[in-house]
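Protein chains in written order, with the numbering used here: chain Z, 1 to 254; chain F, 1 to 287; chain A, 1 to 320.
Hints listed in this document are in silico derivations from the structure and should not be mistaken for laboratory results. Because the structure is a prediction, the values reported are computed rather than measured. Cβ atoms here follow ideal geometry from the backbone N, Cα and C, with glycine treated the same way. Heads up, a few of these hints could be off.
Unchecked claim - These stretches of chain A come out as covered by chain F in the derived footprint (C-beta under 8 Å, 3 or more residues):
| hint | segment |
| --- | --- |
| 1 | 47-53 |
| 2 | 108-121 |
| 3 | 140-146 |
Unchecked claim - Which residues of chain A face chain Z? A few of them, derived with a C-beta cut under 7 Å, are:
| hint | residue |
| --- | --- |
| 4 | Ser2 |
| 5 | Ala12 |
| 6 | Trp16 |
| 7 | Val27 |
| 8 | Leu30 |
| 9 | Ala104 |
| 10 | His187 |
| 11 | Ser193 |
| 12 | Asn200 |
| 13 | Ser210 |
Stated by the list, open to error - Distance condition first, Cα-Cα at most 35 Å in a straight line; then the derived DSBU-like pairs of lysine-lysine:
| hint | chain 1 | residue 1 | chain 2 | residue 2 |
| --- | --- | --- | --- | --- |
| 14 | A | Lys135 | F | Lys258 |
| 15 | A | Lys276 | F | Lys253 |
| 16 | A | Lys276 | F | Lys218 |
| 17 | A | Lys135 | F | Lys218 |
| 18 | F | Lys159 | F | Lys258 |
| 19 | Z | Lys147 | A | Lys276 |
| 20 | A | Lys82 | F | Lys218 |
| 21 | Z | Lys117 | Z | Lys153 |
| 22 | A | Lys82 | F | Lys253 |
| 23 | A | Lys276 | A | Lys135 |
| 24 | F | Lys137 | F | Lys159 |
| 25 | F | Lys137 | A | Lys135 |
| 26 | F | Lys137 | F | Lys258 |
| 27 | F | Lys125 | A | Lys135 |
| 28 | F | Lys253 | F | Lys125 |
| 29 | F | Lys258 | A | Lys82 |
| 30 | F | Lys125 | F | Lys218 |
| 31 | Z | Lys30 | Z | Lys241 |
| 32 | Z | Lys117 | Z | Lys147 |
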Amino acid sequence: MSAVVLETRGLLKRFGGITPTNDVTIQVHKGARHALIGPNGAGKTTLINLLTGVLEPTSGSIWLDGQDITMLAPHLRVRRGIVRTFQINQLFSELTPLQSLALTVSARLSISGVWWKPLGADPRVAPACEKLLAQFHLDDVMNQQVKHLAYGKRRLLEIATALACEPRVLLLDEPVAGVPEGERQEIFDIINALPADVSVLLIEHDMDLVFNFAKSVTVLVAGAVFAEGSVESIANDPRVKAVYLGEGEEAAHG
Amino acid sequence: MLTLLFDGIAYGMLLFVLAVGLAVTLGLMNFINLAHGAFAMAGGYITVLAMSRLGVPFLLCLPLAFIGTALLGALLEPTLYRRMYARPHLDQVLFSIGLVFMAVTGVDYVVGSMQQNIQLPEWLKGRFDIEWVGIGKYRSFIIIVCGVLTIALQWVLAKTRFGSQLRASVDDPRVAGGLGLNVNRIFLLTFAVGSGLAGLGGALGAEVLGLDPTFPLKFMIYFLIVVAVGGTTTLTGPLLAALLLGIADVAGKYYVPKLGSFIVYTLMIVILLIRPQGLFARAGGGK
Amino acid sequence: MSAVSQSLRAHATWRWWEFALLAVLLVSWLLLPSHALLLNEIAILALFALSLDLILGYAGVVSLGHAAFFGIGSYAAALFAKLVMPDPLVGMVVAVAIATALGALFSVLILRGTDLTRLMVTLGIASILYELANKLDWLTGGADGLQGVVMGPLLGQFEFDLGGRTAYAYTLAVLIVCLLLARRLVHSPFGYSLQALRDNRLRAGSIGLSVNLRLVAVYAVAAGIAGAAGALLAQTSGFSSLDVFEFHRSAEVMLVLVIGGTGYLYGGIFGAIVFKLLHDLISAWTPQYWNFWLGLFLVVLVLVGREKLMRPWTWFGGKS
Chain Z
1 MSAVVLETRG LLKRFGGITP TNDVTIQVHK GARHALIGPN GAGKTTLINL LTGVLEPTSG
61 SIWLDGQDIT MLAPHLRVRR GIVRTFQINQ LFSELTPLQS LALTVSARLS ISGVWWKPLG
121 ADPRVAPACE KLLAQFHLDD VMNQQVKHLA YGKRRLLEIA TALACEPRVL LLDEPVAGVP
181 EGERQEIFDI INALPADVSV LLIEHDMDLV FNFAKSVTVL VAGAVFAEGS VESIANDPRV
241 KAVYLGEGEE AAHG
Chain F
1 MLTLLFDGIA YGMLLFVLAV GLAVTLGLMN FINLAHGAFA MAGGYITVLA MSRLGVPFLL
61 CLPLAFIGTA LLGALLEPTL YRRMYARPHL DQVLFSIGLV FMAVTGVDYV VGSMQQNIQL
121 PEWLKGRFDI EWVGIGKYRS FIIIVCGVLT IALQWVLAKT RFGSQLRASV DDPRVAGGLG
181 LNVNRIFLLT FAVGSGLAGL GGALGAEVLG LDPTFPLKFM IYFLIVVAVG GTTTLTGPLL
241 AALLLGIADV AGKYYVPKLG SFIVYTLMIV ILLIRPQGLF ARAGGGK
Chain A
1 MSAVSQSLRA HATWRWWEFA LLAVLLVSWL LLPSHALLLN EIAILALFAL SLDLILGYAG
61 VVSLGHAAFF GIGSYAAALF AKLVMPDPLV GMVVAVAIAT ALGALFSVLI LRGTDLTRLM
121 VTLGIASILY ELANKLDWLT GGADGLQGVV MGPLLGQFEF DLGGRTAYAY TLAVLIVCLL
181 LARRLVHSPF GYSLQALRDN RLRAGSIGLS VNLRLVAVYA VAAGIAGAAG ALLAQTSGFS
241 SLDVFEFHRS AEVMLVLVIG GTGYLYGGIF GAIVFKLLHD LISAWTPQYW NFWLGLFLVV
301 LVLVGREKLM RPWTWFGGKS
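One chain only, chain Z, in its complex shape (with noise of 0.2 Å):
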């Protein structure tokens, strides 16, 4: 079995009258495909926020490579390798795809801080996006602001400023969300070739994507870890049914 890079150990978050993240311990594998499933509600997008640490815990802890990040700011903690995409794409509206790349590389390799050469100066940035561009189909658009983009290419933007980070953690928020049928292919093929010592945590309702990619699952209801295991033992699983089957159908759209 490999190596355990992310954990969670009992993690809590109580606010208000509810607690949306109910005592998960988790566990993420080295280059794992690992979904988070669950019905609306489950609590899953709050779990990502507090992994990315854009939410405080009540009690609990995350690990990352044996190391206690529980503490760590938001932007350290993508320094040490644990990327996210978001649900709703979060864009520099203003800026054009290359530069948003550009300006991730550069944070990447740490710098973003230089101000007296121009972006993209360092002969390292250049090839790094050309790769990125090419690889997420954004070559055509490079040179337009993102607020002019259509919304597939949007959405491709959003993953390939995710991997500029080059993540050891990548943990993907419903990545197909929105994305019409047609375009969804596109964005599955990209996920499905992602470099295998990335560890990848998924969260989708596309049920399709989760059998034809994930390897294990753990599924989330009402803030807790309810049931966890291979894929095909999850697909399985009749109260995992029981769990969705009461929500109704679950639509292929997000």
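Given the structure of chain Z, go ahead and fit chains F and A onto it with the hints provided.
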């Protein structure tokens, strides 16, 4: 010292009535209306003009000021303000600054730039002297009127249907709209009442604060302090903030006149540093 | 060179109109000697607006109190000339240093909170400084202002003449230096990270950018440049007064920048030119009520939409 406290409370209550409309506008429409002071000024000038040109008695001028400015607000909301709700805050700031400049110079042009004086009716002049405390009659009047208004506002918010509709819309306008509430009408009424209250405050305050065309600019920061420190999610927040501000300003100017408003500004910055969402706001607010 | 490298380069290369603008600025000193005083005012305003562009246009921080740093620069330069030595360049360096330091200090106050909080804090700082300058009248001259600031010759050689030619050359030099510096900054990774902060602070953090340090840095730089503008005003006009801290100045510089356009660095210059010309035109016609037309212009500008107004080719349905 008690007199100071009393004066501070009067000042604070006045500030509350003046600023409550701004708090609700910000909380409800997420609109930073720097021109709010102009409505207060309008109320003040309506009163002055009604009294001096038309001989209307002071007490009658108060509801007149309220109605007049409420009408003004009801006119401007659907025509101008409503277009600005979805705009970025910078645009809102520029827009309301523009309105203030227009109002200030407009009034200057029409009425002149001298400070206006209000002839209070005889029975409001002077003081009650109770033991060692001198309580100004006019200030007592202010406290009573503002107190009544505050209670009325609280009652409307808590006990009436409009109040719950308003609270729902503040909490989440989209959901409120989805529930069938006529959000536009709620905005209009709220804006009108808020402006009317500002006008009433302006009329009440003219004697205490001074009235001239630069009023909106001079007091803008005070209204904003009430709202920023008091938060926009409750009524009691701005009330307490206004009282705090009133007492601090009066005390500051008495004990350390050399520093003037310095104390108030510093206090505000300190408070906002510690609790950026305001002293009394519910946690989790703010955009 | 690949298309990507080319595109990256292209963003930072000098456009023809940037050269043209610089040329026009330099030539204006030669060709318009009788207007040197007016041009000097415009250039100072342009520099002030440039500094605001850095925090407003690039970092997205709405400040209603930027005059605080303008005023600090002004009084620092005036007091330095009066109390220590009248050399303009040394005074400039001192004024900029003080403004930058205070900018870094005050920036801590704007890191947290909502737009409204920031507005309040920036407004509050400028108001406090106004009050301070007012109350410390033994130092600042209070409401009368600090008079009789006599500057020594520039670079030991060029006296400040009444016609303002030396002054304008001096201001122009400072403006161009700051412009070049700012230009370097905004095309750098740091500059783009500021824009990322402005566009989407959440995402900026999620790609590993530290928000706070950057804001402090840009705020300090902007404060320094604003201080330079204030110092120029004091040094070229020979006095400093309370109105350098007035709300009116903060509002005005914001309008100047908005007229010229935010976020491309030259908006301050274009805006200052248009604004001053408009101001002189309208003031000649109605001196007392200039503010009314200013206010009206602001309201119309915002109602129509800032972007649309400044791009006439979009008025009839073109893409911006």
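Hint check results:
1. 47-53: Coverage by chain F is violated here, the residue count being 0 at a Cβ distance below 8 Å.
2. 108-121: holds (count 10)
3. 140-146: Three-residue rule not met by the segment 140-146 of chain A, so violated; n is 0.
4. Ser2: holds, 6 Å
5. Ala12: holds, 4 Å
6. Trp16: Because about 18 Å separates A:Trp16 from the closest Cβ in chain Z, which is outside the 7 Å limit, the hint is violated.
7. Val27: violated, 28 Å
8. Leu30: violated, 31 Å
9. Ala104: violated, 15 Å
10. His187: holds, 5 Å
11. Ser193: holds, 5 Å
12. Asn200: holds, 5 Å
13. Ser210: With a closest approach of 5 Å, the A:Ser210 hint holds.
14. A:Lys135 <-> F:Lys258: holds, 6 Å
15. A:Lys276 <-> F:Lys253: violated, 39 Å
16. A:Lys276 <-> F:Lys218: holds, 26 Å
17. A:Lys135 <-> F:Lys218: Satisfied, since the Cα-Cα distance of roughly 18 Å is no more than 35 Å.
18. F:Lys159 <-> F:Lys258: violated, 47 Å
19. Z:Lys147 <-> A:Lys276: With Cα atoms ~34 Å apart, Z:Lys147 and A:Lys276 stay inside 35 Å; holds.
20. A:Lys82 <-> F:Lys218: holds, 32 Å
21. Z:Lys117 <-> Z:Lys153: holds, 30 Å
22. A:Lys82 <-> F:Lys253: Holds, at roughly 32 Å.
23. A:Lys276 <-> A:Lys135: Distance of about 32 Å is within 35 Å: holds.
24. F:Lys137 <-> F:Lys159: Roughly 32 Å separates the two Cα atoms, so the pair holds.
25. F:Lys137 <-> A:Lys135: Judged against 35 Å, a Cα distance of about 33 Å means the pair holds.
26. F:Lys137 <-> F:Lys258: Given that 35 Å is the threshold and the Cα spacing comes to 28 Å, the pair holds.
27. F:Lys125 <-> A:Lys135: holds, 33 Å
28. F:Lys253 <-> F:Lys125: holds, 23 Å
29. F:Lys258 <-> A:Lys82: OK: F:Lys258 and A:Lys82 at ~25 Å, within 35 Å.
30. F:Lys125 <-> F:Lys218: holds, 26 Å
31. Z:Lys30 <-> Z:Lys241: holds, 28 Å
32. Z:Lys117 <-> Z:Lys147: This hinted pair holds, its Cα atoms lying about 26 Å apart.
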